[in-house]
Structure formats: structure tokens, C-alpha cells
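Chains as they are written, first to last, in my numbering: chain A, 4 to 229; chain B, 4 to 229.
Do not rely on the hints blindly, as some may be mistaken.
One copy or two, either will do: identical chains are not told apart, so a pair holds if it fits within one copy or between any two.
[Stated by the list, open to error] In silico SDA-like cross-links for lysine to any residue, where the CA-CA straight-line distance does not exceed 25 angstroms: (1) Lys-130 <-> Ser-66; (2) Lys-130 <-> Gly-67; (3) Lys-130 <-> Asp-39; (4) Lys-130 <-> Asp-222; (5) Lys-130 <-> Leu-70; (6) Lys-130 <-> Leu-162; (7) Lys-130 <-> Ala-92; (8) Lys-130 <-> Leu-180; (9) Lys-130 <-> Leu-208; (10) Lys-130 <-> Ile-40; (11) Lys-130 <-> Gly-186; (12) Lys-130 <-> Ser-200; (13) Lys-130 <-> Asp-110; (14) Lys-130 <-> Asp-37; (15) Lys-130 <-> Ser-120.
I should point out that these hints are in silico values taken from the structure, not numbers from a laboratory.
Here's the letter readout for the chains.
There are 2 protein chains.
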Amino acid sequence: MTDSETPAFLFDLDGTLLDSVYQHVIAWQRAFADVDIDPALWLVHRRIGMSGSLVAARVASESGRELTDAEVERVESLHGAHYQEMLDAVRPLPGARDLLLALSGADIAWAIASSSSRSEADALVAKLNLGMEPTIISNDEVSTAKPDPAAFLAAADRLAVRAGRCIVVGDAVWDVLAARRAGMLAVGLLCGGRSASEFEQAQALRVYADPADLLANLDEIGVLLD
Amino acid sequence: MTDSETPAFLFDLDGTLLDSVYQHVIAWQRAFADVDIDPALWLVHRRIGMSGSLVAARVASESGRELTDAEVERVESLHGAHYQEMLDAVRPLPGARDLLLALSGADIAWAIASSSSRSEADALVAKLNLGMEPTIISNDEVSTAKPDPAAFLAAADRLAVRAGRCIVVGDAVWDVLAARRAGMLAVGLLCGGRSASEFEQAQALRVYADPADLLANLDEIGVLLD
């Protein structure tokens, strides 16, 4: 970053702006149960934030079953249906809306980069009640999902900012790893249920509790809103 | 421990022997929603393993609501009802049954000490299909739940072993803190979704993935089965 550049923010969605991680875990459990797999749920939780196909394949493998591509697709689709049934209970995380509007108010560019499908991402963003249409890169817009850096690179591209100017904000270590692969810095949030040490090990720039905590401490990462 | 004493094991139940933590999180969300509280779910997850009344009171407080004793009781009871509906999906954790039977087979004493009610604990233990009636201290048998050491002290008493001989096995940092208050050692398991560093910070003797991993590595904590 040169002196004259302000950072741009790239936000993960599930577990970062919306409190949806625990619903995803239960939806995955139900999807796996439909194909007679009973994974230990902490292994599912660890994988949340990866693409659905990676979650399906890796969790099944850790439970002793190797899935065919068709089976992966089926489990993903079952997960989507079960998750849909739990969507009503998903709430914005504290400060999510305030943080995004504060950045917009200060003319700081931001976008959302999610491993979810476009329709799932849109349904979550609607809950934020932003009164504007944010830039969203969903899993429909890139061929490889996190921890591959494609989604973050596409989001930076859409904002027309170079990767080195971007700060990723995510609740999963996969966000941090994808950010580093993309040559970006990353801030970890604890509100997806992961621990500070996981983010520290992945060399996150800084770790905060949730969007409200990040908003209150933006000055710590050198971002001033006025 | 003197040379002649073999250790006795005291097991937490939810998240340690049974994969019930994520169901508890969703059941708490539904119970809080019934009284118009929308807690961030990672704060609920952090509190799992404490007594129900502590979870209710502390999570509500962290969400900006102070509950009366009657409200705490009501949220606890709502949680119990919602959890009951999800109980069918709760599975034993890998190795749970094998570990307990292996200890029994080697004449190593063990008991279960849970923050759940007696009826909830019995329903979970039935899923382990042990073919015997284990010693169980539930929240019905002690006046204060974890992180208070009462449950572990009562379990040691029931086994007629002194506290210093006991090794607690739990998936929550509250198990480790209660064990240390009781003058016991504690082993942390990752299968409740907490991270190794939390157990290390609480000075657990050792951390394993799940009961199967502990069973495979009992020699590391000086326990030989034959």
C-alpha cells in the first residue's frame, strides 16, 4: 500500500455478517444423514466457509466414505434444501449493517465474497437491510471457492482495486488462507465460533469478536472513518 | 497419585461422549427466541457445558437482557423442550463406547459427570448401548454445576476414589476449570468444537480429537490397559 491508497474491504458473508454457521452445521448433518453418513459435527464446523463440494467431499472422507462427483452434488443439493428450511432463524451479526454503512459513508470501497450460491448470498444480504445493492461475488461467479483465492481476486477486480490494497474480513481460517494466497491482509472474527489462536496461526492481521467490535476498533488497523 | 494407585476417569457427557453440542446451540437459540432474545450463537456455543441456568443468564446478559430467576427457569425449560425435539439426531462420538468398555475391561474405574438433568443424561447414555449401568452424576444430584467442581467431586466420592487420583475428560474449558478447582487433572477433547489452545490455556494435561483418539493414546497419559 502506498501512502495515498485507502484500503478496500472484502467481507465473507456466512458467520461474518450473518449468524448462519450453526444452521449450516445442522443442515449438513441432515444432508449427510440422507445418504447414511453420520459425521462428527465438529469436523463439519471446521469445514464451513469452504465451497459446498469441498465440505461434502472432505467431511464424507473423514467419516470413512469417498463420494463420487454425483454423490457430492447430491449431498450439496440436500444441504441447500435443509439450510433453506432453517433460513428464517438466521440473524445479522451485531454491527454488520452499521459497519458496512459506515464504510460506505466514509467512501471506503467494500464488497462481499462468499462460498455460497448467488441465491443463498442474496437471501442473506437482504436480511442486512442495507438500502443499496452491494457488490457480491458468490460461488456462481467463480470456478473455485475458498480457500482458493479466486473469489477475493474477483471481488477486488470488480471494485477495481489491486489485491495489495484489500483487507479481507472473515470468520473462517479458510478466509485468511485465501486472502494470503491472494496477496491480501485478513482480519479474523470470532463470531463464526472459531478461536483466536486459529487466526493467529494463520497470521491474520488482527482478530475481533464480531463486526461491531471491528467497527469500534477500525483505527487499530489504520482505518479512520472521518 | 502414589505409585500404587491407578487413575479413575470422570467423563463429561455432552460433546465428550455424545455429539450433542450443535443441537444444544440451536435448541438454546429457539428457547431465547421464544422470549424475544436473539443471541449471537458463538456466545451460546462458548457457554455449553455450564449449567442450563448459567447459560440462560449469561447469554441473555451478553445480549443486553438481565433475566429474573423466573425467566431463567422458563428459558431453561424451553431449551429442554426444543432439545428434546432434536435428540433423535444425536449420535455417539467416535470411540466413546469402545473407550468406556476398554476401561471397564481393564478394571479402571470411571463415571459420568454432566451438567444436564438426569433424564437428559440417561437418554444420552442409552445411546451408548453399554450393556451396563454406569455411575452418573447429573445436575439433579448437585446444587451447583460446572465450572463449579461439585459434580466431579460427587462422582469421585461415588467411585470412592480421592480427587487427586481422578482424570477428567471433557470437551469444554469449563470441564478443565472445574477439574482444577477439584484438584484433578483434565484431558480436553476437540469434538465439542472448541480449539486446542483454549484447553492449553486452561492447562489441560493433554488434548485429543475425540474418545477414539484418547483410547488410541492412553499410554501418553500413563494409562496401560493390559
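Check Lys-130 against Ile-40 for me: Cα-Cα at most 25 angstroms, and say if that holds within a copy, between copies, both or neither.
between (32 angstroms within a copy, 17 angstroms between copies)
Intra- versus inter-subunit Cα pairing at 25 angstroms for Lys-130 with Ser-120
within (16 angstroms within a copy, 37 angstroms between copies)
Same-copy or cross-copy closeness of Lys-130 to Leu-208 [CA-CA at most 25 angstroms]:
This pair counts as neither: shortest intra-copy Cα distance 28 angstroms, inter-copy 44 angstroms.
I want to check one pair: Lys-130 and Ser-200. Are their C-alpha atoms no more than 25 angstroms apart within a copy, between two copies, both, or neither?
Cα proximity of Lys-130 and Ser-200: none, with 30 angstroms in one copy and 34 angstroms across.
Within a copy, between copies, both or neither: which one fits Lys-130 and Gly-67 at a CA-CA cutoff of 25 angstroms?
between (37 angstroms within a copy, 21 angstroms between copies)
Quick one: Lys-130 to Leu-180, C-alpha cut-off 25 angstroms, is that within a copy, between copies, both, or neither?
So Lys-130 and Leu-180 fail the 25 angstroms test inside a copy (27 angstroms) and across (39 angstroms) alike.
State whether the alpha carbon distance between Lys-130 and Gly-186 is at most 25 angstroms within one copy, between copies, both, or neither.
neither (31 angstroms within a copy, 48 angstroms between copies)
With identical chains treated as interchangeable, where does the CA-CA distance between Lys-130 and Asp-222 reach 25 angstroms or less: within a copy, between copies, both, or neither?
neither (27 angstroms within a copy, 52 angstroms between copies)
At 25 angstroms max between alpha carbons, let me know whether Lys-130 reaches Ala-92 within a copy, between copies, both or neither.
within (11 angstroms within a copy, 29 angstroms between copies)
Please work out whether the CA atoms of Lys-130 and Asp-110 approach to 25 angstroms or closer within one copy, between two copies, in both situations, or in neither?
within (23 angstroms within a copy, 56 angstroms between copies)
Using 25 angstroms as the alpha carbon limit, work out where Lys-130 and Leu-70 are close: within a copy, between copies, both or neither.
Answer is neither: 34 angstroms inside a copy and 28 angstroms across each miss the 25 angstroms cutoff.
For the identical chains here, do Lys-130 and Leu-162 meet the 25 angstroms Cα criterion within one copy, between copies, both, or neither?
Within one copy only: 23 angstroms inside a chain, 53 angstroms across chains, cut-off 25 angstroms.
Hint violations for this structure: numbers 4, 5, 8, 9, 11 and 12, all remaining hints satisfied.
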